[in-house]
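Visitor: Listed below, chain by chain, are the residues.
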Amino acid sequence: MRINCPHCGTRPVEEFTFNGDASVQRPASNDPKTMDQWFDYVYLRDNPKGRFDEYVHHSSGCRAWLVVTRDTQTHEVFGVVTARDHAKKRVKA
Amino acid sequence: MKYSVFSLLKSTLSGHKKWPPAWRDPQPKKDYDVIIIGGGGHGLATAYYLAKVHGISNVAVLEKSWLGSGNVGRNTTIIRSNYMLPGNNPFYEWSMKLWEGLEQDFNFNAMVSQRGVLNLCHSDPQRDAFARRGNAMRIDGVDAELLDTEAVRDMYPFLDFNNARFPIKGGILQRRGGTVRHDAVAWGYARGADSRGVDIIQNCEVTGIKTVKGKVAGVQTNRGFIGCKKLGLAAAGNSSEVAAMAGLKLPIESHVLQAFVSEGLKPYIDGVVTFGAGHFYVSQSDKGGLVFGGDIDGYNSYARRGNLPMVEHVIEAGVAMIPGLARVRVLRSWGGVMDMSMDGSPIIDKTSIDGLYLNAGWCYGGFKATPASGWCFAHTIANNEPHKLNAAYRLDRFRRGYMIDEKGQGATPNLH
Numbered sequence: 001m002r003i004n005c006p007h008c009g010t011r012p013v014e015e016f017t018f019n020g021d022a023s024v025q026r027p028a029s030n031d032p033k034t035m036d037q038w039f040d041y042v043y044l045r046d047n048p049k050g051r052f053d054e055y056v057h058h059s060s061g062c063r064a065w066l067v068v069t070r071d072t073q074t075h076e077v078f079g080v081v082t083a084r085d086h087a088k089k090r091v092k093a
Numbered sequence: 094m095k096y097s098v099f100s101l102l103k104s105t106l107s108g109h110k111k112w113p114p115a116w117r118d119p120q121p122k123k124d125y126d127v128i129i130i131g132g133g134g135h136g137l138a139t140a141y142y143l144a145k146v147h148g149i150s151n152v153a154v155l156e157k158s159w160l161g162s163g164n165v166g167r168n169t170t171i172i173r174s175n176y177m178l179p180g181n182n183p184f185y186e187w188s189m190k191l192w193e194g195l196e197q198d199f200n201f202n203a204m205v206s207q208r209g210v211l212n213l214c215h216s217d218p219q220r221d222a223f224a225r226r227g228n229a230m231r232i233d234g235v236d237a238e239l240l241d242t243e244a245v246r247d248m249y250p251f252l253d254f255n256n257a258r259f260p261i262k263g264g265i266l267q268r269r270g271g272t273v274r275h276d277a278v279a280w281g282y283a284r285g286a287d288s289r290g291v292d293i294i295q296n297c298e299v300t301g302i303k304t305v306k307g308k309v310a311g312v313q314t315n316r317g318f319i320g321c322k323k324l325g326l327a328a329a330g331n332s333s334e335v336a337a338m339a340g341l342k343l344p345i346e347s348h349v350l351q352a353f354v355s356e357g358l359k360p361y362i363d364g365v366v367t368f369g370a371g372h373f374y375v376s377q378s379d380k381g382g383l384v385f386g387g388d389i390d391g392y393n394s395y396a397r398r399g400n401l402p403m404v405e406h407v408i409e410a411g412v413a414m415i416p417g418l419a420r421v422r423v424l425r426s427w428g429g430v431m432d433m434s435m436d437g438s439p440i441i442d443k444t445s446i447d448g449l450y451l452n453a454g455w456c457y458g459g460f461k462a463t464p465a466s467g468w469c470f471a472h473t474i475a476n477n478e479p480h481k482l483n484a485a486y487r488l489d490r491f492r493r494g495y496m497i498d499e500k501g502q503g504a505t506p507n508l509h
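Going line by line, the protein sequences match chains H and A.
For the first sequence, the working numbering begins at 1 and goes up steadily by one.
For the second sequence, the working numbering begins at 94 and goes up steadily by one.
Just chain A, same shape as in the assembly (with noise of 0.2 Å):
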């Protein structure tokens, strides 16, 4: 059923009794083309992509739990393209390309947002930082301003712009940045799946990976072995456990990130503000609730919860950016688990076995990138060899020395 006013206005007359569910909940087949192991944003928008661009529908997404339990309905909402390595530029561009047409690509409200994207500066070489970045974005065609503190003042009044630490110096604004109604976007790609014959398959863990000769020949569920000619892992969060079912040791390590949700507000902060002497990032969303996070909490978990000194941490440099969140009450705080890889960007990829494909090591900042990397994974599988937009994030870069590493840290488990 297509979404339209004319299906809103026919689902009126009828009492909204009879809209029918937004996908089917199909028996596994005994065998498909492709499986697509993790049911949240990038397993399903790769399933929806290899129907839609490669015409490969006979595939199943398969979810442990409920479809967008994991990260998909556990992160702040955020997209933006401001990067500046030239292995990820163009990839989160053509992200944000993808979220600019997304709605009506697969019919479903996403609430798209573009309500810009503020991240502040606070001393003289982080300006200079900043429009370094901003330059690099714009020689990759992604719009870029530098803001001196006026503007900043201008837009955000209730900063803390003297604040005797850390005051406010300007910022780098990429205004086609903004959030996103994380579910719907799960929905969405879910149900433009399913309408194109993909079986979404919820309740369905696996527990193994069946291999051939070195050739993927299907997995071990708890519902049963259901076999497939190429296997896709996308369950970031989870990926070394999933991958070790085929005998994979990634570069990865799961960890904790919490994020907060305040009581509802009158409307307050229009776009997304980022901290840029503490790690804090905060948005309003339509409800009125602040939504925010920060750091991850700084050790190995597969817990979706986190500790009481992050929550703290977190809530500190809130309130060192705006003074008078002191004065708001936090209503909820939720964690979700990380694949952090070692150099804080993303692995789209063929593996050593034939036919097992691996999207991995998104860390925290995996939300934004959803459609570009279930577009670029979908090209990856369906034409096993990765696009040049994900050219960069090969599993052997570790390896051969070509890490992308933004901050320029080296070989450690807590980048983003």
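Here chain H stands alone, though its shape is the one from the complex (with noise of 0.2 Å):
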């Protein structure tokens, strides 16, 4: 597996540190009524097999954090963007 940083090119999967899916959200509210949504955000997850949006850290190299999407199943890797460009799209959305 390899991973086209938007820094530094294509490097191997060694040098990156995976932080698990990207489509979970931080709740934005810490009153006890919102826990469900807690619950969900902490614990729960799709696990899809196939395509799958990711947090991945370059922490050999360029220490940003990226979204990778990539296929669980081939682990073909379809597209990588920054952290923060994969958040400012989601807000748009």
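Misleading hints may appear alongside valid ones.
[As the list claims (entries may be wrong)] In silico BS3-like cross-links for lysine-lysine, where the CA-CA straight-line distance does not exceed 25 Å:
1) H:LYS49 <-> A:LYS342
2) A:LYS303 <-> H:LYS49
3) A:LYS157 <-> H:LYS49
4) H:LYS33 <-> A:LYS303
5) A:LYS157 <-> A:LYS103
[What the hints assert, rightly or not] Covered by chain H, according to a simulated footprint, are these stretches of chain A (three or more residues, beta-carbon under 8 Å):
6) 342 to 349
7) 395 to 403
Rather than coming from a laboratory, the hints here were simulated on the basis of the structure.
Ideal Cβ positions, reconstructed from N, Cα and C, are used throughout, including at glycine.
Grab the two chains, each in its own frame, and use the hints to assemble them into the complex.
Guide: What follows is the structure, given as structure tokens:
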């Protein structure tokens, strides 16, 4: 598996640290009434078989946080964006 | 047919040409009392104990591929009950007790070998932690011995005792731990369940779960609809996919774990040894190959193969523990898909849907649990409530804050 970092170019997988599902969103409120949202955010995962957006840290490279779109069955990488761009896009959507 | 010295002699006289198949290959019936999804170790054990202990034999086990093609045939065959927390250890000790009587119970040679599991420690705090865990084990009636460096040296003189960074300070030994021939576990349970009337249906993939008014009615499969009163999910690795068919979202991620076997060697390692400074565990099979493994690759995956950096990482840990391994050639490596739960502990429970039961989240410790998992899941299905041994493995424990987190690391899907 090789990942095309927007800053560093195509680099081998051992330079990266994976941090899981990028579709989960931290609830905005600390109100105990939002506990179900927190439960969902901390514990529950869609765990899709196929296309998957995940947070990846280029820990042995530029140390940028990225969002990689990858197939969980074939490990094929479809695209890489910075986590910042991913978040911006999500806010727009 | 009961396997015995007499059946062996009889079949010898007929040139071993008249052994009957170990289980039938039935067509699915229109409906069953209980359907189990997943013909791996846990699913087959569940069917076996449903028939044997609870007298429920109108049962089908649906397997999408061939029997035992999943993780029951992909693990490193280790059994142990050296856990610490109260929710875990009585369960795993019950599993060990079932292993000890398993071959006589299901009349099949599963090569249960209690050759001892030794965890190495490399610092004083780690030894203290091992002493604590050993004491917790002994409170639950499990055997545990704390060994000093010399006692470890007597057992395994070829370990790297004076490693500059990770010197071996001792270890904790569970003599009753060991290894089991993994495929034979699937075959033995399949044969035992089949002879009690359970239908084991291979190449039958479930594509949908039908519920009527919040109650399970049956499953859609590639061989048509099959009705049932109760449905048990034992599809670890693919639990999220199967549970989603019933509209459930689980606290689980699927990850790939690799395992390895070396070329055949003369007898070298007679027990199971685990490295305490990295993640590495090794034993030697009866054919002579060293069977070993390490950590999961670390990214979500449903592929039954991993990447080379983890191969290198595992072998580095192995060579740090046993320098002589550097001269051993690896014969094969393979991968299996793990149900990584958010606290490193499994789930055996009812669900919010009437008649739907869940057995999932085994991380990479499911093999040793096979007998107790099947036994407890059968109890849960038959009585519609958990046994006290799996009472802590509730699905709602994450919401209620009763995680069983052996490592004390918090919610992360990389524990075991």
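Visitor: Going through the earlier hints one by one, which of them does the structure break, listed in rising order?
Guide: When the structure is compared with the hints, numbers 4, 5 turn out to be violated.
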